[in-house]
Each structure stands twice: as C-alpha cells, then as structure tokens.
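Keeping the supplied structure of chain A fixed, place chain B upon it in accordance with the hints.
This is what each chain is made of:
Number of protein chains: 2
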Amino acid sequence: MGKINEYGAAAAGCHKEDTMRLLDERIVRDGAVKPGNVLMVDSFLNHRLDVSLLNEMGRELRRLFADADINLVLTIEASGIALACFAAQQFGVPVVFAKKTQSVNVDGGVYAAQVESFTRKRTYDVVVSKKFLHEGDRVLIVDDFLASGSALFGLCGIVEQAGATVAGIGIAIEKGFQEGGARIRAQGYRLESLAIVESMDETTGAVEFR
Amino acid sequence: MGKINEYGAAAAGCHKEDTMRLLDERIVRDGAVKPGNVLMVDSFLNHRLDVSLLNEMGRELRRLFADADINLVLTIEASGIALACFAAQQFGVPVVFAKKTQSVNVDGGVYAAQVESFTRKRTYDVVVSKKFLHEGDRVLIVDDFLASGSALFGLCGIVEQAGATVAGIGIAIEKGFQEGGARIRAQGYRLESLAIVESMDETTGAVEFR
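Those sequence lines, one after another, are chains A and B. Note that numbering that gives the first Met the number 0 has the first sequence beginning at 0, numbered continuously upward. Note that numbering that gives the first Met the number 0 has the second sequence beginning at 0, numbered continuously upward.
I should point out that these hints are in silico values taken from the structure, not numbers from a laboratory. The model shown is predicted, which means the values in this text are computed figures rather than measured ones. It is possible that part of the hints are untrue.
[As the list claims (entries may be wrong)] One side of the interface only, derived from the structure: several residues of chain A facing chain B at Cβ under 7 Å:
no., residue
1, H46
2, L48
3, V50
4, A77
5, I80
6, P93
7, V94
8, S128
9, F131
10, F152
Glycine residues also receive a C-beta, built at the ideal position from the N, C-alpha and C atoms.
Pulled out of the complex, with its shape left as it was, chain A reads as follows (with noise of 0.2 Å):
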C-alpha cells in the first residue's frame, strides 16, 4: 500500500490487511508509548479524528460482521463514538452511547453498569437507557481501546439486563499484553480487533503487533 495517505490512500475497495495495515502503520508512525502501558493515538483516534481512517475501520468492521445480522451500534463515550458512526454508516444502522455519569437529560429506567477506567484510574458508572435496547437486538459492540476489558464486559452486561444479544465485538486497538481480549473470547464472545499490540516498549518506543 506503500506511504499511508491520511486523506485518498484508503481506496473503496480495501482488503481486510490492507485496514490492518493501514492502522498498524499509523500506530508506529504517529503514536507515543507512554509510562505506565499508555499507548497515546491523540493525533489520529481519540483527540484529532482522522476521518478517512475512521471510514475505513467502519467498513472492515461492516466486512467482518457482514454475516451478524447486526441491528445497532452500542458504544461508550466520548473516544468511541466516532468509530461507532462510521461503523453504523456501513450497517445502515443506529449508534446508541452509554454515557458515563446519569446525566438529568437520561430519562425513564436505564440500564447500568460499573466500568473501571485503565488510563484515569477510577470507577465510574455506564448507563444506557431502556427506551434505546430491547429484546431481541442484534448489538455490535464498538470501542476504541481494550486493555483489562472492563468498559466491553460493562457494555456485554448491560446488552444482557436488555435481553439483547452481543452479535459481536469490534475493538480499533487491543492490547493484547493484558488480559481483556482473553478474557472477552473465552466467554464466547466474537471479538475482532482491527490491530492487536503484542507488545510495546517506553523505551524505545518500539511497538509489536500480534
């Protein structure tokens, strides 16, 4: 695919390697690894929004689950909503979010869970309201990150207090270094993350993809 082209490189026909590539590529050349496993991707995934990546990861996530029968996008505030859209553009679906504090403009029941943040070290509450999930949904479940897996396992539960089912699970960067993608397929659940890190070194700055 040669030099990435932040807006034109990502052709409309682009094969699954080339996406992973495509992110893989952009990790080492824009992200920082940070003291304490932080991998920043500021520029491109969770501050600045590189739109045309964004639209393509939608479409690999809309390619991998073309046969899920998916009928809404559910992720978490605010660093997944971006990627939850341009996946829900290629379904033709709905995005609902969770948000992370019951806000006054949250009516009615919700459903809830409590998430613990790796990057902000506290626990907070995820709710979803009732009116938004019911029985018999086909949920994809959309994030940017998945480290311990506490927002996914958070997300999976709320999808179940709902009846719904988790069609599946579609991760932009897994750290495959800790335990929450292992722990997310060994519950059965179908998970596909668009770049695995093996490994990553604050020293260097080196970073290995699975």
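Just chain B now, with coordinates in the frame of chain A:
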C-alpha cells in the same frame, strides 16, 4: 418529502429546506419538552444517534460553509462528536474534539476555556492540545445545541488562543429564545443553525420554529 423514513428518505441531492424540515419534523415527532427549558432529543441526536439524519445534517453544513475554506472541524465531547464527524467527512478534513477535563492522555500544552453546562448546572474546563490546533487553521465549530452559548464562546476562545480563525459555526438545534445565538451573531461570527426553536411549551409539548 412526506413521512420521514429514518433510513432511506434522505436523498443525496437534499436541499437546505428539506434537511431543515427533516430535522424540524423529527424534533416535533420524537423530541420532548421537559421542565427547565430542556428539549430532549436523545432518541436521535445525543444518546441514540440517527446516523442517516446526522449524515444529511453534515451534508447541509458542507453546503452552507462551502466557501469558508475549512481545514478543521472542532467540537466538544461527547454529543458534538457525531455531527462533527459527518460534517468533516463531507469537507474531507479531520475533527478535533475538546475534552471536558484534563485527561492523563492529553500531554504537552493545552488551550483551555471554562464552560458552564446548561443541562448539568455546573462549570467545567475544556481543553484542546496545542498539537492539534495551529495559527492559520480555518475552523468550523460544530455542536449539537446552542442555548446560552457558553460552550461556543469557550471553543471560540480556544481557536483564537491558537491564532486560528473561526471560519464558521454550525449548530444542530439553537434555542432561539435563549441569548446565545444573538450574542454569537452580535460578535460577528458566521453562525448557521439547522433548526432554531423559537418557543416550546412543557405543558402541551408544542415546539415552534423560527
């Protein structure tokens, strides 16, 4: 245009009037007026996201600001992100979303502003990394709501701290009976709101548009 069809009615060549009517009709159909001048649009704009409608709104912002030479869309987490993404996709530019608290994942210097939340009745800081906003940038600020204008003034201040230009402001729903829109326009900003609610009545649920 007839009855709104959530996934399909919005034709590619949609005119301004159609997009605005689509949003006005949707507010009337699915919005709810709550005590304290709260307009609930959580079924399509800020909890559940109607991706098809948001995509049309993004197109309309592109049409309205076609001559504004935009190279960046700036919004604020969380509920501005979706519309910002669809607008940015039309312009072919990246999004930066301001973060509501200083995260351990925003390193280096930041531009910051204080914002007062209308619905949450509290003050918080919003920050944008200096890495992602530069002198000479021509910025389209996008948000879901305009009421008091506090968030917008914060974002305008951040753009101006960076020596960049607020080339336009695109809002989904302006509460025309609050002072934000008039204040923003009085300062000479080019502001376009896709729907302007002139009045709303919490007892009857009636919503009137400008």
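We went through each hint and held it up to the structure:
no.	hint	in the structure
1	H46	6 Å, holds
2	L48	4 Å, holds
3	V50	5 Å, holds
4	A77	4 Å, holds
5	I80	4 Å, holds
6	P93	6 Å, holds
7	V94	4 Å, holds
8	S128	6 Å, holds
9	F131	4 Å, holds
10	F152	21 Å, violated
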